[in-house]
Amino acid sequence: MILLSQVEYIGVCSRLLYVFSRMSNDGDVDKWLELIKDCKYLPETDLKKLCTIISDILFEESNVQPVFSPVTICGDVHGQYYDVQELFKTGGYPPDTQYIFMGDFVDRGYYSLETLTQLLVFKAKWPHRLTLLRGNHESRQVTQVYGFYDECMKKYGNANLWRFCCRLFDLMPIGALIDNTVLCIHGGLSPDIGTIDQMRTIERDQEIPHRGGFCDLMWSDPDDIDWWAISPRGAGWLFGEKPTNQFMHNNQLTLICRAHQLVQEGIKFMFNERLVTVWSAPNYCYRCGNIASILAFHTSTNYETKLFSAVPDEKRQIPSKTTTPYFL
Amino acid sequence: MMTTTTATLEQPTSTKLQQQPVKPETKIKDVPYMKQWKESKAYKEYTSFVLSLNQAIHGLKNSSPVSISPTLTKLIELIDKLDHFIDECPPKGRSRFGDAAYRDWHTKLEQECENLLKQTLPEEYHSYIIEIGPYLLDSFGNSTRLDYGTGHEMAFGLFLLCLCKIEALKEDDSKAIVLKLFNRYIELCRKLQRTYYLEPAGSKGQWCLDDYQFLPFLWGSSQFTDQSNIEPKQAVDERYYKNDHDANDYLYLAAIKYINEVKTGPFFEHSSTLYDISNVAQWSKVNQGMLKMYHGEVLDKFPIAQHILFGNLISFDLAPKRPPQRQQLDSSRSDNLFKKPTDINIPTATVQRHIDSENNNQHTD
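Order-wise, the sequence lines are chains E and D. Take the first sequence: its position 301, counted from the start at 1, is 301 in the UniProt record's numbering, and no numbers get skipped. Take the second sequence: its position 113, counted from the start at 1, is 113 in the UniProt record's numbering, and no numbers get skipped.
Since the hints were made in silico from the structure, they are not lab data. Treat each hint with caution, since some may be false.
[Stated by the list, open to error] Quick list of simulated restraints, FRET-style, between CB atoms:
{"#": "1", "chain 1": "D", "residue 1": "LYS242", "chain 2": "E", "residue 2": "THR305", "range": "36 to 42 Å"}
{"#": "2", "chain 1": "D", "residue 1": "LYS38", "chain 2": "E", "residue 2": "LYS242", "range": "31 to 37 Å"}
{"#": "3", "chain 1": "D", "residue 1": "LYS242", "chain 2": "E", "residue 2": "ASP205", "range": "49 to 55 Å"}
{"#": "4", "chain 1": "D", "residue 1": "ASN229", "chain 2": "E", "residue 2": "ASP205", "range": "56 to 62 Å"}
{"#": "5", "chain 1": "E", "residue 1": "TRP227", "chain 2": "D", "residue 2": "VAL31", "range": "33 to 39 Å"}
{"#": "6", "chain 1": "D", "residue 1": "VAL31", "chain 2": "E", "residue 2": "THR323", "range": "26 to 32 Å"}
{"#": "7", "chain 1": "E", "residue 1": "MET153", "chain 2": "D", "residue 2": "LEU318", "range": "28 to 34 Å"}
{"#": "8", "chain 1": "E", "residue 1": "ASP313", "chain 2": "D", "residue 2": "ASP172", "range": "43 to 49 Å"}
{"#": "9", "chain 1": "E", "residue 1": "LYS315", "chain 2": "D", "residue 2": "LYS35", "range": "18 to 24 Å"}
{"#": "10", "chain 1": "E", "residue 1": "ASP38", "chain 2": "D", "residue 2": "ASP172", "range": "55 to 61 Å"}
Even glycine gets a Cβ: it sits at the ideal position worked out from N, Cα and C.
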């Protein structure tokens with residue numbers, strides 16, 4: 001008979017608990033992987049469990065998460081579930097392809113919940129093959145205006161899951177750094193943030209503030225100006241070529257990848273190809289008629305644009321009609 | 001059917017002392033002011049106004065013969081003139097949302113607003129232009145953000161309410177206000193949206209009715225109530241909305257037709273709320289739902305309400321709790337709206353905290 005000291009006993013138990021929880025998680029995750037293939041969302045308890053699993057993973061990630069090529073960069077997807085399937089067909093499915101999504105998973109499209117769930121399930125299955133950055137829509141305030149809140153209310157009948165997801169958004173990294181030379185961030189630069197080290201000191205676990213460095217990183221846009229200008233969005237800044245060059249020089253960067261702005265052609269290089277906007281939501285808001293892109297980095301200097309278009313109507317399932325509460 | 005709704009407007013009891021028109025301004029600076037807004041005279045009066053117009057057009061087509069006063073005809077001509085401004089401000093080519101040429105159009109509107117209103121209204125109302133003009137200026141979108149939404153549509157509703165309150169429009173105009181004037185206004189707004197690619201302001205997309213408008217659905221569902229030719233489920237059927245004869249005659253169908261012109265992808269995805277509403281059995285139920293939803297999604301939303309302008313006509317004062325005479329809104333009568341304003345007490349030193357609310361104007365991608 002093996003005799004264990006109390007400390008050893010607790011150690012063995014907690015180890016066994018961990019192994020069992022991983023095993024049971026694995027079972028759940030595999031089950032969810034099957035479910036989300038058909039544009040489904042998870043039952044309430046399952047999504048809560050998934051959120052807990054992802055929270056544990058995100059806790060361990062840095063504000064500026066280091067990533068190594070080869071990796072494929074994606075811009076806004078905005079709840080366009082069917083188009084995200086097209087994205088994966090274009091770029092390859094994880095774990096074979098490694099991805100960085102630069103935020104704005106939710107709002108605008110009809111399937112924010114299904115889209116977010118799919119990305120979270122992939123993340124749970126292959127934590128190191130997907131990096132999910134925060135965008136300006138991963139926020140309580142914005143999701144209440146632009147649809148995700150209403151979608152959760154409609155699909156779950158309460159706001160609990162929306163709250164869970166918002167807690168998760170708070171934990172998402174602000175940026176990613178590919179091979180130490182390519183910075184990926186949702187919006188752009190901030191006059192308050194001169195170095196990547198400064199980004200690393202941000203207390204990111206919070207709702208995106210209305211102003212200041214963190215807000216700017218989520219909201220700013222590049223523009224054909226010299227330095228800085230007030231943004232018509234009411235948050236963040238317009239930044240020109242000079243601050244971009246300065247920031248890149250100070251941080252020894254070769255490229256800044258960002259999303260946040262619709263580009264009709266799917267991708268747009270600016271500032272002598274030192275900054276790129278990647279847009280991954282084709283036919284944005286069901287009206288813009290734009291194409292979408294992803295950017296595949298073979299190495300940090302060798303990258304390839306892949307374009308894709310919106311999925312045709314006949315390949316989408318028609319949901320059953322429900323009654324909006326106002327009309328009961 | 002709105003037969004049980006009661007109006008809570010105060011009948012003018014005091015001596016009819018005409019108030020000095022003032023330049024209206026925003027009052028709802030922060031979320032806590034929403035309570036005061038919901039209890040204000042403006043809120044009560046605007047709600048009654050929307051209801052009485054809803055009632056007035058019950059079962060009528062846009063082409064139904066209705067009485068049109070000379071002022072109303074002139075207001076339609078005013079919209080025609082604004083439409084011609086578009087020809088003078090051709091699109092410049094957009095980058096993101098919004099074409100900068102819209103700013104030229106809006107500048108023309110700002111420059112011409114006073115003159116146009118002078119040409120439109122009989123001289124006795126000219127002193128009110130300083131108070132009424134800003135509502136018209138707000139009715140067609142925001143020139144800084146290059147967007148348009150239900151808040152701008154509401155500004156036009158308040159503009160109409162002002163005209164009724166000073167009696168420039170009379171009760172007899174009720175039907176034509178919606179079927180002719182508002183219909184023409186919506187046509188212009190659609191042209192502006194398409195020409196200048198205006199961004200939907202604060203739109204929930206498919207989780208609300210429509211990116212831009214609300215009232216065409218609300219009043220439009222009243223047009224269908226108690227007329228059995230077209231059922232709710234047929235309104236989203238292209239055999240009906242694509243029929244120009246029907247689309248020209250019904251605000252609701254024209255709105256569905258417009259959505260299908262500007263949006264691609266499946267209707268059940270990009271307009272899921274309208275898709276679900278098509279499942280409601282009766283138009284009276286749709287109409288009731290629209291009224292509830294107008295409160296829930298437009299009037300009671302801070303991001304929209306923060307832009308509302310208040311003056312003496314659209315008053316931020318507290319509405320009287322117990323109206324001296326409760327009146328049933330069971331007919332198109334709402335004569336208390338068509339009265340020149342009586343003396344109103346201006347609230348004493350309302351403290352307005354200027355806190356940062358800019359985030360509610362944020363434009364997102």
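Verification of the hints:
1. A hinted range of 36 to 42 Å for the beta carbons of LYS242/D and THR305/E is consistent with their spacing of about 39 Å.
2. Our hint of 31 to 37 Å for LYS38/D and LYS242/E is violated, since their Cβ atoms are close to 49 Å apart.
3. Hint check: LYS242/D to ASP205/E, Cβ distance near 52 Å, so the stated range 49 to 55 Å holds.
4. Distance hint for ASN229/D and ASP205/E: a CB-CB separation of about 58 Å, consistent with the stated range 56 to 62 Å.
5. At roughly 35 Å, the beta-carbon separation of TRP227/E and VAL31/D lies within the given 33 to 39 Å, and the hint holds.
6. In this structure the hint that VAL31/D and THR323/E lie 26 to 32 Å apart at CB holds, the actual value being about 30 Å.
7. About 32 Å separates the C-beta atoms of MET153/E and LEU318/D, a value consistent with the hinted range of 28 to 34 Å.
8. Look at ASP313/E against ASP172/D: about 47 Å separates their beta carbons, and that is inside 43 to 49 Å.
9. A hinted range of 18 to 24 Å is violated for the C-beta pair LYS315/E and LYS35/D, which are about 48 Å apart.
10. The hinted range of 55 to 61 Å is satisfied by ASP38/E and ASP172/D, whose Cβ atoms lie roughly 58 Å apart.
Consistency with the previously given hints fails for numbers 2, 9, ordered from lowest to highest.
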